[in-house]
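Top to bottom, those sequences are chains C and E.
Just so you know, our numbering puts 250 at position 250 of the first sequence, and the rest follows in order with no gaps.
Just so you know, our numbering puts 108 at position 108 of the second sequence, and the rest follows in order with no gaps.
Incorrect hints may have been included.
[To be verified] Which stretches of chain C does chain E cover? Using the computed rule of at least three CB atoms under 8 Å from a CB of chain E, they are:
1) 363 to 373
2) 378 to 388
3) 397 to 404
4) 407 to 413
5) 441 to 450
6) 457 to 463
[As the list claims (entries may be wrong)] Straight-line Cα separation of at most 20 Å, DMTMM-like style, residue types lysine to aspartate or glutamate; simulated pairs:
7) C/Lys395 - E/Glu253
8) E/Lys266 - C/Glu452
9) C/Lys429 - E/Asp261
10) C/Lys429 - E/Glu253
11) E/Lys162 - C/Glu470
12) E/Lys158 - C/Glu470
13) E/Lys158 - C/Glu452
14) C/Lys67 - C/Glu284
Bear in mind the hints are in silico, worked out from the structure with no lab data behind them.
Using N, Cα and C, we set each Cβ at its ideal position, and we do this for glycine too.
Residue strings, one per chain:
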Amino acid sequence: MQSGRTAVMCAFPFPLLERTKVLPMSTPKENFGILGVGAYLPRLRLDRATVAANHKWMAPGLKGLAKGTRTMANWDEDALTMAVEAGRAALTQARPGDIAALTVASTTLPFDDRLNASVVCSALALSHQINAMDASGGMRAGSSALLRALQAGQSAVVIGTERRIPTPASTTELSYGDGAAAVVVGSGEPVAVLRGAASAAEDFIDHFREAGHDGDYGWEERWVREEGYGKIIPPVVKRALEAAGVKAEEIDHFVMPAPLQKVNQVVAKKLGIRPEAVADALFEVCGDTGVAHPLLMLAKTLAVAGPGQTILLVQFGGGCDALVLQTTAKQIAGGDPAWLGGGRTETNYLKYLSFTGQIDLEWGMRAEMDNKTALSAAWRSEAMVQGFVAGRCSKCGTVHYPSSRICVNPACGATDTQQPHRLTDEPAKIRSYTCDWLSYKQCPPFMFGHVEFETQARVLMEFTDCDPGELAVGNPLAMTFRIKEVDPLRGFRRYCWKAKALRQNGGA
Amino acid sequence: MAAGIRDRVAILGMGCSRFGERWSDNAEDLMLEAFNEALGDAGIEKSQIEAAWLGVCLEENNVGKTSGPLAQGLRLPYIAVSRVENACATGTEALRGAVYAVASGACDIALALGVEKLKDTGYGGLPSRTRGVVPDLWQPNGSAPGAFAQLAAAYQAKYGIKAEDLKRAMAHVSVKSHDNAARSPKAHLRNKITIEDVLKAQMIAEPLGLYDCCGVSDGAACAIVTTPEIAKALGKKDVITVKALQLAVSNGEEAQFNNWDGASIKTAEVASVRAYKEAGITNPREALDLIEVHDCFSVTELVLMENLGLSDPGRAPFDILDGRYDADGAIPCQIDGGLKCFGHPIGASGLRMVYEIYTQLLGRAGERQLKDVDIGLTQNLGGHPHQNVCAISIIGRLGA
Numbered sequence: 001m002q003s004g005r006t007a008v009m010c011a012f013p014f015p016l017l018e019r020t021k022v023l024p025m026s027t028p029k030e031n032f033g034i035l036g037v038g039a040y041l042p043r044l045r046l047d048r049a050t051v052a053a054n055h056k057w058m059a060p061g062l063k064g065l066a067k068g069t070r071t072m073a074n075w076d077e078d079a080l081t082m083a084v085e086a087g088r089a090a091l092t093q094a095r096p097g098d099i100a101a102l103t104v105a106s107t108t109l110p111f112d113d114r115l116n117a118s119v120v121c122s123a124l125a126l127s128h129q130i131n132a133m134d135a136s137g138g139m140r141a142g143s144s145a146l147l148r149a150l151q152a153g154q155s156a157v158v159i160g161t162e163r164r165i166p167t168p169a170s171t172t173e174l175s176y177g178d179g180a181a182a183v184v185v186g187s188g189e190p191v192a193v194l195r196g197a198a199s200a201a202e203d204f205i206d207h208f209r210e211a212g213h214d215g216d217y218g219w220e221e222r223w224v225r226e227e228g229y230g231k232i233i234p235p236v237v238k239r240a241l242e243a244a245g246v247k248a249e250e251i252d253h254f255v256m257p258a259p260l261q262k263v264n265q266v267v268a269k270k271l272g273i274r275p276e277a278v279a280d281a282l283f284e285v286c287g288d289t290g291v292a293h294p295l296l297m298l299a300k301t302l303a304v305a306g307p308g309q310t311i312l313l314v315q316f317g318g319g320c321d322a323l324v325l326q327t328t329a330k331q332i333a334g335g336d337p338a339w340l341g342g343g344r345t346e347t348n349y350l351k352y353l354s355f356t357g358q359i360d361l362e363w364g365m366r367a368e369m370d371n372k373t374a375l376s377a378a379w380r381s382e383a384m385v386q387g388f389v390a391g392r393c394s395k396c397g398t399v400h401y402p403s404s405r406i407c408v409n410p411a412c413g414a415t416d417t418q419q420p421h422r423l424t425d426e427p428a429k430i431r432s433y434t435c436d437w438l439s440y441k442q443c444p445p446f447m448f449g450h451v452e453f454e455t456q457a458r459v460l461m462e463f464t465d466c467d468p469g470e471l472a473v474g475n476p477l478a479m480t481f482r483i484k485e486v487d488p489l490r491g492f493r494r495y496c497w498k499a500k501a502l503r504q505n506g507g508a
Numbered sequence: 001m002a003a004g005i006r007d008r009v010a011i012l013g014m015g016c017s018r019f020g021e022r023w024s025d026n027a028e029d030l031m032l033e034a035f036n037e038a039l040g041d042a043g044i045e046k047s048q049i050e051a052a053w054l055g056v057c058l059e060e061n062n063v064g065k066t067s068g069p070l071a072q073g074l075r076l077p078y079i080a081v082s083r084v085e086n087a088c089a090t091g092t093e094a095l096r097g098a099v100y101a102v103a104s105g106a107c108d109i110a111l112a113l114g115v116e117k118l119k120d121t122g123y124g125g126l127p128s129r130t131r132g133v134v135p136d137l138w139q140p141n142g143s144a145p146g147a148f149a150q151l152a153a154a155y156q157a158k159y160g161i162k163a164e165d166l167k168r169a170m171a172h173v174s175v176k177s178h179d180n181a182a183r184s185p186k187a188h189l190r191n192k193i194t195i196e197d198v199l200k201a202q203m204i205a206e207p208l209g210l211y212d213c214c215g216v217s218d219g220a221a222c223a224i225v226t227t228p229e230i231a232k233a234l235g236k237k238d239v240i241t242v243k244a245l246q247l248a249v250s251n252g253e254e255a256q257f258n259n260w261d262g263a264s265i266k267t268a269e270v271a272s273v274r275a276y277k278e279a280g281i282t283n284p285r286e287a288l289d290l291i292e293v294h295d296c297f298s299v300t301e302l303v304l305m306e307n308l309g310l311s312d313p314g315r316a317p318f319d320i321l322d323g324r325y326d327a328d329g330a331i332p333c334q335i336d337g338g339l340k341c342f343g344h345p346i347g348a349s350g351l352r353m354v355y356e357i358y359t360q361l362l363g364r365a366g367e368r369q370l371k372d373v374d375i376g377l378t379q380n381l382g383g384h385p386h387q388n389v390c391a392i393s394i395i396g397r398l399g400a
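My request is simple: use the sequences and hints to build the entire structure.
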C-alpha cells in the first residue's frame with residue numbers, strides 16, 4: 001500500500017513529461033485488428049428547419065444550423081436497442097468464435113446499475129462466458145474502448161451508442177443525433193490494423209452533464225475551439241503519428257467528429273492533414289452521435305477506403321484519443337453502407353418532444369396500465385424474450401415460439417424434443433395485421449399481427465418502424481430489438497424483438 | 001360412446017337484466033334482476049335450488065372473488081356454488097356446470113348465473129390489467145378489436161375479396177343488429193344506424209370502426225335447469241330442452257402451427273360439428289330457426305357463418321349482403337341485437353344468448369318474435385381468433 005501511494009505522489013509533479021511521452025507500441029500483429037464494422041441509425045430523421053422554425057420566436061439564431069436532418073430515436077429505441085442493431089450489423093461482417101469481451105460505450109445507457117452490456121450480449125447471442133462491461137464518462141468512451149480492445153489482443157466487440165436528450169432550443173438539439181456503431185476486433189483477416197495511438201486526459205470542460213439529468217451545459221464556443229480542440233488535439237496526434245511512423249500529410253482519411261461546425265477542418269489544417277482527407281462528419285444525415293460518432297465515421301470510412309490506406313481516428317472530450325489505423329488488402333465490399341441511406345423525415349417537432357419525454361401529453365386512462373415486470377419471470381424467459389430463441393422439434397422440425405414441452409404438430413406431439421432456434425435473422429412475412437387505435441402506444445396506431453417465418457414458425461408480433469400503408473399480407477419483414485414496455489412508476493424498461501418492414505436498401 | 005346431453009335437461013326458467021351502462025347498480029342488483037325473473041318464470045321457491053354456478057370473467061375485483069357474491073347476493077341457503085371463468089365464453093360455461101349437474105343425477109334443480117359489471121373503469125372498452133409476467137414479456141398488448149381485426153386481413157388475402165367489399169358486408173352485419181335491437185327492450189344500444197354511419201365511423205382497429213365493435217355493458221342473465229320429467233311435474237307444458245352443449249378450446253395449433261388460415265375460428269368448426277351430432281342435426285342450414293353468435297366484432301360474426309357450416313367458405317359476405325341472416329332471412333342471426341347492440345357484459349353473454357332462444361321458443365319475444373321457432377343455436381367465444389374457447393349450445397322443444 002505504502003509504495004503504491006508513493007508512486008502516485010511521485011508521478012504528480014511531472015504531468016507535462018507524461019503528456020509529451022510517446023507510448024511505445026508493441027510490434028503490431030498483422031493478423032490482428034478490425035475484422036468488421038457496423039452502424040445503426042434510427043429510421044426517423046428530424047428535419048432541422050422544422051425545429052428551428054418552432055424556436056424562431058425566442059432563438060432566431062438557430063437558423064444557422066437549420067439544414068439537413070438529425071436522427072431521432074423512435075419511441076421504442078434507446079442507446080441499448082441501437083447498440084444491439086449496430087452489433088448485429090458488425091457481427092454479420094465478422095463473427096470470430098472466440099469473442100472474449102464486449103464493451104458497450106455510451107453516456108446515455110438506460111440503466112446506471114443493471115449491466116446494459118449483458119442485455120446486448122443476449123440479444124446478440126454472444127456466449128455468456130465473456131467479459132461484458134459498460135463504458136461511460138465522456139465522449140471518448142467509445143474511442144478509448146476501441147483502443148483498449150485493439151491493444152488487448154483478444155477477440156472483442158466494441159459498441160458505441162448514444163441517445164442524448166438536449167434541452168429544447170439549444171444548439172445541441174440541432175447538432176446532436178441518435179445512433180450506434182460497432183467494431184469487431186480479433187485475429188484472422190483484419191480490414192484494418194492499429195499502427196500507433198496516443199491519448200491524453202484533461203479536465204477541459206467544453207461541456208458537461210450532471211448524472212441523471214438531460215441537457216448539456218457548455219462554455220463559449222470560441223474558447224472551446226481555440227483552447228480545447230486547437231491546443232489539446234495536435235500534440236496527441238503528433239505522438240500517435242510518431243508511434244505509427246506516419247506523417248500528417250500521408251493521412252488518407254481523417255476521421256474526427258465535429259460537434260462544432262467544421263472544427264475537424266480547422267484541426268486538420270493545423271496538423272497539416274490534406275483537406276480532402278477530412279472525412280464527412282455526417283452533420284447533414286444524422287448529426288453528432290456522441291460516443292458512437294468516431295466509430296460510426298470509422299464504419300463509413302472503412303466501407304469506402306482502399307487497401308493500404310492510413311486512417312487517423314481522433315475523438316475529443318476530457319482530453320483526446322488518436323488512433324492511427326492502416327487498411328489491409330481485405331476490403332469491406334459495397335462502398336457507402338446501407339445504413340447511411342433511407343430514413344423517413346419527421347417534421348413533427350411535438351412528436352419528437354413526446355418521444356424524448358420533454359412534453360407530457362394526455363394519453364388517457366389506458367396509459368395508466370401498470371407495467372410492473374416480474375423480474376423472476378424475466379430471468380427465466382431471458383433467452384426466449386431477449387434472444388428471440390424459439391424451440392425446434394428435433395423429431396418433426398416444427399418451430400415453436402415460445403418453445404414448449406410438447407410439440408404442437410398434431411402429427412408429432414413429441415415431448416421434450418425442442419432445441420434452441422433463433423428467429424432474429426430468419427426471413428419472415430406478414431400473415432395478418434391491424435392498426436389498433438384503441439390500445440395505448442406511445443406512437444399510435446399500434447401495429448401488430450401474425451408473422452410467419454421461413455420455418456413456418458408463427459408468432460403474434462408488434463410491428464415497428466412501419467407506416468400503416470406498408471402493411472399487407474405477404475409483405476417481407478425483418479426483426480429488430482426494441483423496448484417492449486416502459487414502467488415509469490419503477491424506472492424500469494423491458495425489451496423484446498419486433499418486426500419491421502423490410503425495405504430495398506436494407507436499412508431504414 | 002356416451003349419448004350426450006340431448007333432451008336430458010330442461011330449462012325451467014330464465015331471466016335477463018336490462019343490459020347497458022347501469023351506473024346506479026351494483027353487481028348484486030344485476031344478479032337479483034335476472035334471478036327474480038328466472039325464479040318467477042320457473043315457478044319454484046329459491047330453497048328448491050340445490051346447486052349453482054356463477055360466471056364472472058374480468059371484473060372479479062368488482063363483483064368479488066369465488067362464488068360468494070352469488071351466494072350472498074341471492075342469500076342462497078348454504079348450497080354448493082361454484083365460480084367459473086372461461087373468458088367471454090364464461091356464461092355458457094356456467095350453464096354447462098348446471099346442466100351437467102342435473103344430467104348426472106346429482107341434483108334435481110340447478111342454477112347458472114352470469115354477471116359482469118364493466119362500467120366502473122372510467123373509459124370505453126374493456127378494462128386493462130397489470131402486465132409483466134411471462135406472456136406479457138413478448139406478446140403484443142393489442143386491444144380486443146385489434147386481435148379480431150386480424151381476421152379481416154387474413155380473410156381478404158385468402159379469398160381475394162376487396163377491402164371495401166368486405167367492409168360493406170361487415171357494415172350490413174352491424175346495421176342488421178341495430179335494426180333488431182330497436183325491437184329489443186332490454187338491449188343496450190337501440191338506435192338504428194345506416195351503412196354510411198358504419199363506413200364513416202371513427203377507426204378503432206383497422207378495418208374495424210366504432211360500429212363494427214360491440215357494446216361494453218353491465219348486465220346479468222340466468223337459467224334454472226331441471227330434468228324434463230320434473231319440468232312437466234311442475235306444470236310446464238311447453239318443455240324447452242338442451243339439445244347440445246359443446247366446448248372446444250385451442251391447444252396452440254392456430255397460434256403456433258402452420259395449419260390455420262387466420263381467417264376462421266377453428267374451435268367453432270370443431271365445436272359445431274360435435275354439437276350438431278349431439279343434437280342429431282344433419283343439415284344445420286335447414287334445421288336451425290335462429291342463431292345467436294358471438295358478434296364481438298362484425299367480422300367475427302361474418303367468419304362464424306362459415307365456421308358454423310351455414311355459409312360456404314368465402315361466401316359469407318355475399319350471404320350476409322343477400323339478407324340471409326337478417327330478421328326476415330333464412331336464418332335470423334342476433335334477433336335480440338346480439339353482443340353488438342344487446343351488449344356484452346362478458347360473464348352474462350352466453351346465458352343472454354340462450355335467453356333469447358328460450359324466449360323465442362316460448363313465443364314471448366314481442367315485436368321481434370319469429371315464426372315457427374323450434375330450434376336455435378348459440379355460439380359463445382372467449383379469447384382471440386388464434387387462441388380461444390368456443391362454447392356452443394343448441395336449444396329446442398322437447399322432442400323437436
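Please verify the coverage claim for the region 397 to 404 of chain C: does it have three or more residues whose C-beta sits within 8 Å of some C-beta in chain E? That given contact holds, which follows from 5 residues of the region 397 to 404 of chain C lying within Cβ reach (below 8 Å) of chain E.
Per the coverage rule (Cβ-Cβ under 8 Å, at least three residues), is the region 378 to 388 of chain C covered by chain E? holds (count 5)
Pair hint outcome, E/Lys158 versus C/Glu470 [Cα-Cα no greater than 20 Å]: holds (19 Å)
Holds or violated: C/Lys429 and E/Asp261, Cα atoms, limit 20 Å. holds (14 Å)
Do the alpha carbons of E/Lys266 and C/Glu452 lie within 20 Å of each other, as the hint requires? holds (18 Å)
The region 363 to 373 of chain C covered by chain E? Criterion: 3 or more residues, Cβ-Cβ distance below 8 Å. holds (count 8)
Does the alpha-carbon distance linking E/Lys158 and C/Glu452 stay inside the 20 Å limit? holds (15 Å)
Counting residues of the region 441 to 450 of chain C that have a beta-carbon nearer than 8 Å to any beta-carbon of chain E, does the count reach 3? holds (count 5)
Can you confirm whether the C-alpha distance between E/Lys162 and C/Glu470 stays at or below 20 Å? Distance ~17 Å between E/Lys162 and C/Glu470 Cα, so the pair holds.
Check whether the Cα positions of C/Lys429 and E/Glu253 lie no farther apart than 20 Å. Holds: C/Lys429 and E/Glu253 sit about 19 Å apart, inside 20 Å.
Tell me if the straight-line CA distance from C/Lys395 to E/Glu253 falls inside 20 Å. The given pair, whose Cα atoms are some 17 Å apart, holds under the 20 Å limit.
Report holds or violated for chain E covering the region 457 to 463 of chain C, Cβ cut-off 8 Å, minimum 3 residues. Contact hint for the region 457 to 463 of chain C vs chain E: holds, 5 residues under 8 Å.
The structure is consistent with each of the numbered hints, conforming to all of them.
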